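Knowing the structure of chain A, use the given hints to seat chain B on it.
Protein chains: 2
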Amino acid sequence: MIRHITGFSNETVKRVRSLRDKKHRKREGLFLAEGLRILTEAREAGALPEMLFFAHDGAGHPLAQGLIVETERAGGDVIETTPDILSKLSGKDNAQTLIGVYRDRLTSLDQLNRNASGIWIVAQALRDPGNLGTILRTSDAVGGGGLILVDDCVDPFSVEAVRASMGALFTQTIAATRWDSFVAWLRQGPGQLIGTSLRTEIDYQTPRYEAPTFILVGNEAQGLPAAYEQECDLLVKMPMLGKADSLNAAVATAVMAYEVLNQRRAR
Amino acid sequence: MIRHITGFSNETVKRVRSLRDKKHRKREGLFLAEGLRILTEAREAGALPEMLFFAHDGAGHPLAQGLIVETERAGGDVIETTPDILSKLSGKDNAQTLIGVYRDRLTSLDQLNRNASGIWIVAQALRDPGNLGTILRTSDAVGGGGLILVDDCVDPFSVEAVRASMGALFTQTIAATRWDSFVAWLRQGPGQLIGTSLRTEIDYQTPRYEAPTFILVGNEAQGLPAAYEQECDLLVKMPMLGKADSLNAAVATAVMAYEVLNQRRAR
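Taken in order, these protein sequences are the chains called A and B.
Going by the working numbering, the residue at position 207 of the first sequence is 202; the numbering climbs one at a time, nothing skipped.
Going by the working numbering, the residue at position 7 of the second sequence is 2; the numbering climbs one at a time, nothing skipped.
Just chain A, same shape as in the assembly (with noise of 0.2 Å):
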């Protein structure tokens, strides 16, 4: 059954705001993805939300229509509510018409299955939450199997990340741990873990990649550090012309990524 709600006081409304806040949503498990796009994609991975907000307007639409009617089946809680209301929400004065709240999705490494994938991405100290959505919908795009987060990441359930992420989100196995914990699960199994670093002379179109490759990527502004770049098997540089002598984080490592997809792919 489907519920209406117009008060901004309301104390559903309260607390799916506060899902804006990565404090509330580690609390509570749960975290927000906006628009239309987004909640198909991830009801295709299989993803429905728990809770499923919407305006009159943007329910017109197949796939809304589609939305609302599988959330409904599922039980999850739909609820009708005003444009005002779905801005409030999403914190932006042009709200998309439809919000969903999902369960977060954070799976640990030793119910990670490496081999369902030959590329998977693991980010150190990753800062910028459009750079972790963007290197999640770049995993997608490349076969990837997810997104190991290594250290004090950005929050992969904010706002920012699911919006960049396009619902590669929900495609997408996301672990969280510590870089000791990642490097005695990474060795006890297949894997070759290749950073990319501007102390070395290894040009990255040289090796043949082995899979499953684990590509690293370090923090924007910091890069790797020395120890963790002791640990890859193997360290590789991009060609950098420029006076920069810098990529951005995300933009190196989905050229890294591609480099590994076009050894393996037939042309």
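Hint data in this document are derived by calculation from the structure and do not stem from the laboratory.
Keep in mind that this is a model prediction, so the values were computed, not measured.
You may find that some hints are simply not true.
For chains that are exact copies, the list does not tell them apart, and a pair is met inside one copy or across any two.
27 Å max Cα-Cα, derived DSSO-like pairs, lysine-lysine [said to hold, decoys possible]: (1) Lys17 to Lys232; (2) Lys18 to Lys87; (3) Lys9 to Lys21; (4) Lys83 to Lys21; (5) Lys18 to Lys238; (6) Lys232 to Lys18; (7) Lys9 to Lys83; (8) Lys232 to Lys83; (9) Lys17 to Lys87; (10) Lys238 to Lys9.
Frame of chain A; chain B shown alone:
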């Protein structure tokens, strides 16, 4: 001579603060860049600020000293101020300790030397300042000549775009024009226009690209208009194995630009 400003209501502070708005940037032909790293990149690319703000704590670094001395020598206005006023200028709580005000750097197409580089990026209706800055940074890395903005793009001199470019804004030629004018200019000389598209079967690693290559990237949400795709000499697609079937615009540009670079470089 170094001026000292400590008052929030100082006219210079107000004027520089107003450069955070596009309207004022356009009227004054000036923009803001922040932080020792970006200002140093600018200086190495031959650009000194017309005004340079620093707080006492930020002046100790030899590179900061160099900037202060050279800006004064070039007749720039060097201003020592407080961390609070720097925060006000930058709009961030945790402001950079150096802020420069630069003359904007738009080039007209008829002044652009297409043979200066084998790779150029052309962006159409790009809306995200982070993407724009990231594309400039990538263009710098691949030895590209610069960025041609077509139709209604985000302002390349916005604080966010300047920040994301990490200084590449100062190494790259930037032009802004309309589509018809761009095409007319392009066809007056050598140049291959390459669009990435889902409406083609040609893999992006199949063609040998001809220099100068103009890589055309479309709006984040809409992609390229069909008429623009038809004008391309070649449409190519990147493999996308995932469910989302899309890449971030700056990522797609980078993967494409590295392919062009890789075809040309000696390894």
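Hints versus structure:
For the homomeric pair Lys17 and Lys232, neither the shortest alpha-carbon distance inside one copy (35 Å) nor that between copies (38 Å) is at most 27 Å. In this assembly of identical chains, the alpha carbons of Lys18 and Lys87 lie at most 27 Å apart whether taken from the same copy (20 Å) or from different copies (23 Å). In the homo-oligomer, the alpha carbons of Lys9 and Lys21 lie at most 27 Å apart inside one protomer (16 Å), although the nearest pairing across protomers, at 41 Å, exceeds that limit. Taking identical chains as interchangeable, the C-alpha atoms of Lys83 and Lys21 lie at most 27 Å apart only when both belong to the same chain, with a minimum of 20 Å there against 33 Å between chains.
In this assembly of identical chains, the alpha carbons of Lys18 and Lys238 never lie at most 27 Å apart, being 41 Å within a copy and 31 Å across copies at closest. Proximity of Lys232 and Lys18 under a CA criterion of 27 Å is satisfied in neither setting, with 38 Å inside one chain copy and 41 Å between copies. Within a single copy, Lys9 and Lys83 get their C-alpha atoms as close as 9 Å, which meets the 27 Å cut-off; across copies the closest is 32 Å, which misses it. Within a single copy, Lys232 and Lys83 get their C-alpha atoms no closer than 45 Å, and across copies no closer than 39 Å, so neither meets the 27 Å cut-off.
Proximity of Lys17 to Lys87 under the C-alpha cut-off of 27 Å is found in both arrangements, the shortest distances being 18 Å within a copy and 21 Å between copies. For a Cα distance limit of 27 Å, the shortest separation of Lys238 from Lys9 qualifies neither inside one copy, at 49 Å, nor across copies, at 33 Å.
Violation of the numbered hints given earlier is confined to hints 1, 5, 6, 8, 10; the remaining hints are satisfied by the structure.
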